[in-house]
Each structure stands twice: as structure tokens, then as C-alpha cells.
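Q: Add chain F to chain C, keeping to what the hints say.
Protein chains in written order, with my numbering: chain C, 1 to 400; chain F, 401 to 800.
Warning: the hint list may mix true and false statements.
Computed spacing ranges between beta-carbons, pair by pair [stated by the list, open to error]: (1) F/K736 to C/N365: 36 to 42 Å; (2) C/Q64 to F/H599: 16 to 22 Å; (3) C/K68 to F/E454: 56 to 62 Å; (4) C/H199 to F/V798: 47 to 53 Å; (5) F/K736 to C/T248: 35 to 41 Å; (6) F/Q753 to C/H199: 51 to 57 Å; (7) C/D244 to F/A527: 56 to 62 Å.
Computed cross-link-like contacts, BS3-like style, restricted to lysine-lysine with a CA-CA straight-line distance of at most 30 Å [stated by the list, open to error]: (8) C/K281 to F/K449; (9) C/K311 to F/K449; (10) C/K61 to F/K468; (11) F/K632 to C/K55; (12) F/K711 to C/K391; (13) C/K396 to F/K468.
No lab work stands behind these hints, which were simulated from the structure alone. These numbers come from a predicted model, not from an experiment. Yeah, the Cβ is synthetic: ideal placement off N, Cα and C, and Gly gets one too.
Protein chains: 2
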Amino acid sequence: MKDLIKGNMLIAQSGGPSAVINRSLVGAIMEARRQKAIKGIYGALHGIKGVLEEKIIDLRKESQATLKAVAATPSSALGSVRKKPSHEDCIEIFKVLQKRDVRYFFYIGGNDSAETAYIISQEAQKAGYEMRCFHIPKTIDNDLRENDHTPGFGSAAKFVATAIAGIDLDNRALPGVHVSVIMGRHAGFLTAASALARHSQDDGPHLIYLPERPFNIDAFLNDVKNVYENLKRCVVVVSEGIADMDGTLIVSKFIKETDSHGNVQLSGTGALGDLLANEIKAKTGISRVRADTFGYLQRSFPGIVSAVDAKEAMDVGIIAVKTAVKSDSDGSIAIKRKPGKTYKVYYECVGLQQVAGATRHMPDNFIAKENNNVTMAFIDYAKPIVGELPKLGRFKAVRI
Amino acid sequence: MKDLIKGNMLIAQSGGPSAVINRSLVGAIMEARRQKAIKGIYGALHGIKGVLEEKIIDLRKESQATLKAVAATPSSALGSVRKKPSHEDCIEIFKVLQKRDVRYFFYIGGNDSAETAYIISQEAQKAGYEMRCFHIPKTIDNDLRENDHTPGFGSAAKFVATAIAGIDLDNRALPGVHVSVIMGRHAGFLTAASALARHSQDDGPHLIYLPERPFNIDAFLNDVKNVYENLKRCVVVVSEGIADMDGTLIVSKFIKETDSHGNVQLSGTGALGDLLANEIKAKTGISRVRADTFGYLQRSFPGIVSAVDAKEAMDVGIIAVKTAVKSDSDGSIAIKRKPGKTYKVYYECVGLQQVAGATRHMPDNFIAKENNNVTMAFIDYAKPIVGELPKLGRFKAVRI
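Same shape as in the complex, but just chain C:
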């Protein structure tokens, strides 16, 4: 049995917030309190920015009641950041970590955050500094490699599916075409989850467009026209990341901002929805066309949480700390699904570089061959992660 590394722990959160990222944080804090090897439990404010600026708080000073309340609160309680550390940043980070005798470093986030953890892990090795460096998965985009799905996705998917069920009801009451724009740059999982809103044959969403397939405006208009002719209404869901055959984002002409990871900023703007709505009005002759961009609501709305997602988010935090203390190498905790009819997961520690930087896409068997819908395989995949949606009633509607 290896000697335990004894010292302080530092944890931080990075990237876009989610409804359950604080459960992973609180899971890690609670487990750290049970581990004798871990002395101080520190939280850096706003990710590695907080390390660099030494804005660090003492998480042993927080009461059980506070931890419980924070766990149930969306968004990143330590603050977040979108920053990829430079080599100079890393040197500064180590100065702080060494000064504070940090021997356990945990970074909660998506693939950009795994990349940051990987860079820090490599720099620690180069410097001969003994420290366990772990990534804890989080992303509503569900786009981490090695993972069956990621904490944050189930709750965001629940929000999206619930919202689309409501929009479909609204669009039945006042019929027209409604376009919803959903988060997800390169991976369509969250957009696809809107399909869980369907209960009857003619329920929306009637059309779903994913970033994994080239978006053709003429085919899109034709699809909308066909559904509208048939039902006299049409609910469309598109990913913010839809792009044309050449890979050019449909919305890219409208915005210019990029973050330090080189990602184009797509949220917080109604441009794509308005563009598509205007095209439909102009080219199909349908007069009542509306577009809504879900924006930050889908990742930060308090109270809409999938029970499965909540539990798994807590688990990955707990397991990351347990594993870090026992292990002599660094890694990321991945959620794997057991084969079989009953939903069951297990957790595996994978290499940071296996998760870092790259994006997992929707597999082909999740996307209908017409490129405007998902398959039953996707529904079967997503349903247990999202859990129960509100029950909705409808009249039999017997004509007099």
C-alpha cells in the first residue's frame, strides 16, 4: 500500500454553470472531511483565476446546513472562469499551490477544464511537485469523451423538455410556427432532449436540427412547410451550433466575440432564432412565426433538477476525492453505463488527456436519417437520465 500524500486540498469550478455543479463541489468537500490525508479544504474563487490571484476561501469554515443549501443551488458557488492557463500562468499557479501546501487539486468543468487540469498535472510532474490533480466532469452539453453522459446534462435536458412541452401546448392554443434555440456548440444532446416532450403522435417538437448534421436552409423550409400543411402548426428546435455544409455557423455572421479557448460566443443573443423566423415568414407565407432563445435559463433555473443527475453529480465529487487519495496517478472521473434494460451506472477513473479538449458528438444511431429528428435509441438513452416530466392533461374533445 502506497504512502498517503498528506496536505491541503484545493477545489475550483470552471466553464458554464449548471443546475448540479455545486452538488459535485459539496460531494468533494464532504468526502474530503472524511479523509485524514486532507488537511485544509480550500476553494479558489473563479477557477484558476482565483488561484493566480490567491482569492481562496476556507471550506472547512462552512456549516453542514450551508453545504446542504449550496448543493441545492444552481450555478457555480465558488464562481467560474473561462480561461486556459498559459505556461506563465502555470508557473504562477505552482507558486501558490506550493506556498499553500496543496497536494490535492480538483477542477470541476467540461473538456476545456479537463485540458486545464491536464496542463497543470503535466507541469506538476515536470516540476517534481507531488500532487494529485483530478478533473470532475460537468457540462450541460453532454459532450465529454469517455462518459456515457455528464453531470448537468440531465437537469438541463429536463428544463428543455419541460419548456418544449409547454411551448407545444402554447402553439396548439395559438397555432403557428415556433422555433426554439437551444445551447450546445458542437454536440446536439441538449437540443435532442427536447424530443422527450412528446407523448402523443402529433406532439412537438416536430423538427429537431443538430450541429452534427449540415444545416440546409432550403431543406429546413421544406420540412417546416410539410409539417405545417399537415398539422397547421409546427414546433421546431435547433441547436445554437447549427452550421452549413462548409462548417460555417448559421449564426456566425451576426456575432464576433470569442473566448480564450477560441470558442465563438453563441448564447445571450436572439440572432439565430430571429434569422430562421424571418426566413420562414419570407419564404413559406406562414404569418405567425415566433422564435425563443432559451439562453441562460436552461443552465441556471433553480428547482428544475433531474433526481438521477443530482445523485450522480454528488457521486462524481465524492469518488474524485476518494480516488485521488488512493491513487498514484491523476485522472478524470467518468460515468459509464452498465449494459442491460435497467438503468445503472458505474464510475471509472480515466486519463485526463482522454477527456481533455475534444468534444464527443451525438452518435449516428441517435440521429434520424432525414437529419431533422432523433431516433428511439436516443430516447431510450436519455429518458432515465432526465427522469419524470410534469404530467399534462388534454380533453378527449368530443364534438357536439
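A: For chain F alone, kept in the frame of chain C given last:
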């Protein structure tokens, strides 16, 4: 005691859907089933359009279980319409009502719907057709005269306040300026309800702009800059209906569509949010600026319901039917609040013309004199209508 009018009842829904409009419908149906004067209980599909086209369903054929499920479902279960009947329409409507021996007509909706009910009531009198014609209040905008507040407002306000609490947390995690655009053409109640999201001194929304006050872009930019300089973040909430000194809508340059009541269509577009976000970026030098337009989510999201709103929505449906059977004149059921510290309401039957057509605005004592906030009087007014919001946790955050 007057002779009861015996005959059939027809009920319909009109205008924008809400989370609780079906509770008013189901309340009316259940009460009608208890009234011996009422024979057939009919529902017209899509408001008066369904009457004109004789698309009418038999609501006695619906089971108790269906009624219960429909009551808990947002949007208008009978379908809705935005249509003001012409004189010719009214003649056609009477042909149908007479043919079907309809003696009780109920129209659930906002002030446009009250106006429609008033026109039909007057035409019935002119034609000497004995029929009770009642308006049942509904509007998330909370802008009906004679009412302390309206069914639908409390639940939409709960959605808005919950969403803004989440957005404020998101904007703490990744600080910047966030602008949310909320429904409400001429009345700012729903936008104002975002203030219920505040718990601590520095919680957002930090700035609230209402249609009741002229919107000045320079004053707005100055307000944003001041908050941002102070807190390094700023959450702004604006009504979709904000207009300049001359009454010109800030968003009006971007959209042209109007409905048959002459209202400009403001929803389903991100134009106003994007316009304000771009102005902030261009004029203040703040780089991280996002805008979200809540759109249809705020009126149709399943499961976010204020308990008080749910009960009152059911009550106005029940009381409308009770009153119609007893009364020898037409009217609208208004919610009045009893004076005193404890929240208590009563219902009053008021004349249709007292509610029809015109809009109730936020009273002056609800708006802060700086024109960028609400007062404690508004918070005291709105809190009991909206009810409990999700409890949120925050770290003490003791620096090491």
C-alpha cells in the same frame, strides 16, 4: 327571486395562454355541472373563432380525471385566438348561439377578451336574446382594471423571479452584464416581479425598466455603468414594452407585425435584448454582455405555479358560473384585496365595460423615483400573490 334561465352553456378561452387559465376553465365546468339551470356544457375551440366555425366540443363527456389533469396543465386547453369580432361576426355568433340554445356564455381572457364579451353582450341585448354573458379574468400582464391582480400573473411572476434568481447566480459565477427581456406591453407588473428574486443587498436584478416610465438610453447606460463599477456585475430586467419620451417603442424599428386588436407583436424575438446588449458593449467598454428574452417560457412552462394563483384562477371560474346563474345582468369577476396585513381576497362582479379594452398600469407608488427600480410597496403587494421561491444557498466564504 328571478326565474332561472335554462339552457346550454358555452365557454371559450382567448388571448395569450397562462399557467392557470385551464384552472378557471375547469372551475367553471365543475360549477356548471352542479347547476340545474345549465344543460349542455360546451367548449368552443379557439375562442369566438370556434363559435363562428361551429367547432364546439361537449365538456360533459370529459371525465373527472381528465378535468383534474387539464386543470394542472398550462396553456389554453380549448385553444385560443386573437380576434376582435366585427359586427358581421357578431350576427354569425348569435346564429350559432341561438341554434345551440346557449344561454350562458363565458369568455376567459384579458381586456381584449372582456371587450369581446362586452360586444357580444350588447348585441345580445339589441337582439333581445336572453343570455348571460360573463368575462373571466386571465392575464400574466396583470393589467386588468378593477382587479387587484389577475389569474396567471402570480405563476408567470414566479417563473420570472425564479429565473432571475438563477441568472443572478450565473452572472455572479461568470460576471458581466445580463439583460433579460420580460413580457408586458404596457404594464410593467411582470417585469417588476423580478425584484422578488432579491434576498441579499447585492442580489440582482440591480436595474428594472418598466413601460410606465420613458426609457432613456443614456440614463440606462449610465445606470449600468454605475452598478458595474460598484459590483463588477449587473443584472438588468426590462419590459418588452419600454418606449422613449415620445412613446415610440424602443424595439419598434425592428418588427412590423400587428394583431387584429392593433397590438404590435413584441414576443418571439431577441431584437430588443440584442439592441440593448450591443449598446452596452459599444458605449461602456464592458465586454461580457448577454441578453435573454424569456419569450413563451414565462407563460407556458409546466410545473411552475403559484399556489395562491392556482386557487384564485379556479375560484374565478366557479364564481363566474354561480354569479351568472343568479344574476340578471352581465359582468366580469374581479379579484379585490381586503385591507390589512394578512393577505385575503374577495371577488366582485363588475360591469364588462369597466374591464374592457383599457389597460391598468403600475401605480406610481410601485415605481422608484429614479425610474430604474420598484419600491417596497410593490414587493409587499406582489409577494403573497407569487408565494414561495426556491431556497438558495451561499458560502460564508472566509478567506484563508
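Q: Between F/K736 and C/N365, is the Cβ distance one that fits in 36 to 42 Å?
A: Violated - the Cβ-Cβ distance for F/K736 and C/N365, about 59 Å, lies outside 36 to 42 Å.
Q: Can you confirm whether the C-alpha distance between C/K311 and F/K449 stays at or below 30 Å?
A: Distance of about 49 Å is beyond 30 Å: violated.
Q: If I claimed the Cβ atoms of F/K736 and C/T248 lie 35 to 41 Å apart, would that claim hold in this structure?
A: violated (58 Å)
Q: When you take the CB atoms of C/Q64 and F/H599, is the distance between them in 16 to 22 Å?
A: 21 Å Cβ-Cβ, so the 16 to 22 Å window holds.
Q: Mind checking the hinted window 51 to 57 Å against the Cβ distance between F/Q753 and C/H199?
A: Given about 42 Å between the Cβ atoms, the range is violated.
Q: The hint says 56 to 62 Å between C/D244 and F/A527; measuring C-beta to C-beta, is that right?
A: holds (60 Å)
Q: Hinted pair, alpha-carbon criterion (30 Å max): C/K281, F/K449. Please report holds or violated.
A: holds (23 Å)
Q: Take a look at whether the Cβ-Cβ distance between C/H199 and F/V798 falls inside 47 to 53 Å.
A: holds (49 Å)
Q: Taken at face value, is the distance from the CA of C/K391 to the CA of F/K711 at most 30 Å?
A: Measuring from Cα to Cα gives roughly 19 Å; hence the hint holds.
Q: Does the structure keep C/K396 and F/K468 at a Cα separation of 30 Å or less?
A: Holds. C/K396 to F/K468 sits at ~13 Å (cutoff 30 Å).
Q: Does F/K468 sit within 30 Å of C/K61, going by the straight-line distance between their CA atoms?
A: Roughly 48 Å between the alpha carbons, so the hint for C/K61 and F/K468 is violated.
Q: Need the status of pair F/K632, C/K55: alpha-carbon distance at most 30 Å?
A: It holds: about 16 Å lies between the C-alpha atoms, which stays within 30 Å.
Comparing the model with each earlier hint shows violations of hints 1, 5, 6, 9 and 10; every other hint is respected.
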